[in-house]
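A.B. asks: Read off the chains here:
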Amino acid sequence: MEVWPWLLALIAAGIVAWRSIRRRGRARRLMLLCHRSGLEFSPIDPFADTLWLPFRWLGDGRWTRAENVVWNRAEGDDVRAFDLLIEETTGQGARGTVRRYVCAAVALPFGCPRLEIVPRDAMGHVAGSLAASDVELELEEFNRRYRLLAEDRRFAVAFCDQRMMRALMSLPAGVSVAVNEDRMLLRASDLQPEEVLLLLEAARAMRRSAPTVVADLYPQRPARGRHEDRWLQGHWSPEPTGDDRGRTTAAEASS
Amino acid sequence: MEIWLIVVLVVVAIVAIGAAVSYNRFVSQKTLVRDAWANIDTELRRRYDLIPNLVETVKGYASHEKEVLENVTRARAMAASATGSPAEQAAAEGPLVAALRQLMLVVENYPDLKANQNFLQLQTELANTEDRLQTARRFYNANVRDYNRRVKQFPSVVVANLFNFEEEEFFEVEDAIREGGPPQVDFGSPAGSGPVSSTPGPSTPPPPTDDMSEAPDQPTPPNPTG
Chain A
1026 MEVWPWLLAL IAAGIVAWRS IRRRGRARRL MLLCHRSGLE FSPIDPFADT
1076 LWLPFRWLGD GRWTRAENVV WNRAEGDDVR AFDLLIEETT GQGARGTVRR
1126 YVCAAVALPF GCPRLEIVPR DAMGHVAGSL AASDVELELE EFNRRYRLLA
1176 EDRRFAVAFC DQRMMRALMS LPAGVSVAVN EDRMLLRASD LQPEEVLLLL
1226 EAARAMRRSA PTVVADLYPQ RPARGRHEDR WLQGHWSPEP TGDDRGRTTA
1276 AEASS
Chain B
508 MEIWLIVVLV VVAIVAIGAA VSYNRFVSQK TLVRDAWANI DTELRRRYDL
558 IPNLVETVKG YASHEKEVLE NVTRARAMAA SATGSPAEQA AAEGPLVAAL
608 RQLMLVVENY PDLKANQNFL QLQTELANTE DRLQTARRFY NANVRDYNRR
658 VKQFPSVVVA NLFNFEEEEF FEVEDAIREG GPPQVDFGSP AGSGPVSSTP
708 GPSTPPPPTD DMSEAPDQPT PPNPTG
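These protein sequence lines are chains A and B, in that order. The first sequence begins at 1026 in the working numbering and counts up one residue at a time. The second sequence begins at 508 in the working numbering and counts up one residue at a time.
Excised from the complex, chain B in its bound form (with noise of 0.2 Å):
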């Protein structure tokens, strides 16, 4: 009789201790998505912060596409205001990435713009700014990702529906500067239509590039040893 009460008062005790590393891992993990959701939010507003001194550059030679600048400076203001969950984020940035394309796009027809130093400064900036909040979304969607299967794992599904573990969501966005890639030029296209539109529509996106198509040289494996 004494030896079953053991029993159970042990595998109490080892259910209880296993309840309680599950239960702060959890905690571990979720600061852990608060911390990268904070490294997404600071590399946005970097990029808020570089938007209205490239819009000052491109209107001082670019005056007349009134239209292509105002989306962006609207899209902007709609961008930073936007503070709720990562998905309504998300959303708020489209709209953006799209604005700041559309102004690359209008760019490439003003070669005194681009031959600009400030311009080129504030594009190499907003490059790195993009490189920047790729790498922070990834790890953030890395620990999502890690925090989510545990959520649905056994066994630490139960501490997680006992405490109220959720999901959390996902931060899916479009580069602005990277993925927009080059204006395609289309000789085969009928004339009059020219090679570059001032004033592009909303077109639908360019196709995804391959990074493997980016990289200027692979390393060459050695063979495989026997």
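Just chain A, same shape as in the assembly (with noise of 0.2 Å):
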């Protein structure tokens, strides 16, 4: 009678041991490869804003942790790779099931209205029959494959050519992609620590395959002014901020 509370504990022991010497196994699988490769690693995130990237996938679920972050240090944090835990919601406020998926972010040299290109299962085929939001393009088979979810339908069809299209299709199953503002994001569930960096360099290859005539017709917004990061030191300050603060100084010597 006393002893099934205590198999019970030891159960769940072993599971959270379990899945800790798995979570270390793979940041450390991780970190080997990135060192190999030359790339940095980190396994908890360095930069402060990759939960801040304008996707409405980063902001789902009831709570969201990045890890095992990897960049290129010569690309600085433009580029990056990350583990995405998320616990989804439920409608009765009880713990969800946490899911892992691995994402890759770019830069992208425009500024554009949100684009989210999808898998397209079952389901989706049908949904995407009535949604009005719906893009679908000239090629059949990227239709097939893709369910486009656009704010605005000229991007989508600018964006999505024939060169992108095929890179898209060119992604392995279960991989989806958003742009928005000057970002790109790849998302994939659960990855293996290899592909992982195969992921990155497939982002930095979409990235290179975005139309060229995007931009001119999508620019990015216009650089900073030189007050408008000011509410990032917690409080008004009348002293220019951020990148502004060198140019002003090097401006006031000069003059």
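Take these hints with a grain of salt, some might be off.
Unchecked claim - Okay, the calculated beta carbon distance ranges per label pair:
#1 B/K566 - A/G1101: 43 to 51 Å
#2 A/D1103 - B/Y555: 22 to 30 Å
#3 B/K621 - A/R1246: 35 to 43 Å
Unchecked claim - One-sided and incomplete, this derived list gives chain B residues near chain A with beta-carbon spacing under 7 Å:
#4 T590
#5 E637
#6 R639
#7 A649
#8 F677
Stated by the list, open to error - So the derived list for chain B, only partly shown, Cβ under 7 Å to chain A, looks like this:
#9 D638
#10 T642
#11 R645
#12 F646
No lab work stands behind these hints, which were simulated from the structure alone. Computed from a prediction, not measured in an experiment: that's the story for all the values here. Ideal placement from N, C-alpha and C gives every residue a C-beta, glycine not left out.
Build the complex from these two chains, which are given one at a time in their own frames, with help from the hints.
C.D. replies: Structural data, given as structure tokens:
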């Protein structure tokens, strides 16, 4: 009679230990791979804005966490891959399932409205035929495989030209792509450490495949003003902030 | 008896609401098609505006290529004056595209012209306009495809027939700069024919290029997960 609580506690402790070992094993393997590939790796997220990137997928769930971040020092923080942990929301407020995704984010040379390119499953096909925001393109094979959800149809058509469509179709099944403002995010369900680096490379190559005409039609928003990032200091300040500080000093010196 | 009347009234109301929604969607789709056509028109005008400058620049270096330059000017005037349906506009664009390709082939024979900053700028701007035109054309055709599908599909076909919503025409025209590509150099041709003809005749159009072959690099996809 008194054995059962102990047995349950033992099983729970075993599961926690097994998860912890698995998590650390993944981090270690990814670290070794990054070391060999000349990439940077951090088991905890060193960037302040990873979860603040402008994508709906990063805000879903009761809580989200980014870990096992990979980036290339030469490219700065514009290109990075990371594991995303999301606890799904439940209607009753109870704890939901924690899901792990692998994401790769890259900066784009244009500023654009929101576009999501998600694999089309059977239900998606039915829902897609009813949704008004769904965009269908000239390549039937692409339409069968992906669903395009766009705020701006014109952007969806401009962004997904023939070359981009073929690049998207060369991705393995299960990879979704989102574009918003000046960022692109590739998301896949749990990948092996080796595949994380390939996802990062795929994101880079997708950026190179982006049509140049999009930058002409959807230019980036103007550079930051002198006081735009003042809020980052946590209080109002009359002094210029961020990058403009150096520029102002240089301008003062020259005058 | 009263229940049947209510049922009939409910069915009629549902049908009427459905028809109204369908009609409104047709109207918004048609507006979208018109807007998309206006975009194409803007890009075409932009191209027409660039051509006189291009011709003048080429004339400065290759004044004896009179026939080619006249062809471009004539084709431009014809295309600019065409204000018909998309099919008519596309037909008028054909000779202009051919003339522009011919002009670009001629330019290959004048290295000084190719190095001219003004010409390079115009060429870049023309290529940029071609890209914008291609995007506008794809957007227009995507809207026409959606609209035409609804015109044919049931039950929207009933509303379409009732209110005379007819199928729209697609706009299909070749790209003047991109698809023409660089001149083909055939080292196996008989001596004297020359690698590049200065005044090429109305030869067969080059085969369409595969978009993927132009891609400098493609994404390396991760392996599918198990």
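A.B. asks: Now tell me if each hint is right for this structure.
C.D. replies: Here is how each hint holds up against the structure:
1. Remark: the range hint 43 to 51 Å for B/K566 to A/G1101 is upheld by a beta-carbon distance near 48 Å.
2. Checked against the hint of 22 to 30 Å, the C-beta distance between A/D1103 and B/Y555 comes to roughly 40 Å, which is inconsistent with it.
3. Taking the beta carbon of each, B/K621 and A/R1246 are about 37 Å apart, inside 35 to 43 Å as hinted.
4. The restraint placing B/T590 at the interface with chain A is violated, with a minimum CB-CB distance near 24 Å, outside the 7 Å limit.
5. Because the closest C-beta pair between B/E637 and chain A is about 9 Å apart, greater than 7 Å, the hint is violated.
6. Here the hint on B/R639 is kept, as its CB sits about 6 Å from the closest CB of chain A, short of 7 Å.
7. Nearest Cβ of chain A to the Cβ of B/A649: about 5 Å, under the 7 Å cut. The hint holds.
8. Of the supplied interface hints, the one on B/F677 is violated, with its beta-carbon coming no nearer than about 10 Å to a beta-carbon of chain A, more than 7 Å.
9. With its C-beta approaching chain A no nearer than about 4 Å, B/D638 sits inside the 7 Å limit, and its interface hint holds.
10. For the restraint placing B/T642 at the interface with chain A, the shortest Cβ-Cβ distance is roughly 5 Å, inside the 7 Å limit, so the hint holds.
11. With a cut of 7 Å, the hint placing B/R645 at the interface with chain A holds, because the nearest CB-to-CB distance is about 5 Å.
12. With a cut of 7 Å, the hint placing B/F646 at the interface with chain A holds, because the nearest CB-to-CB distance is about 5 Å.
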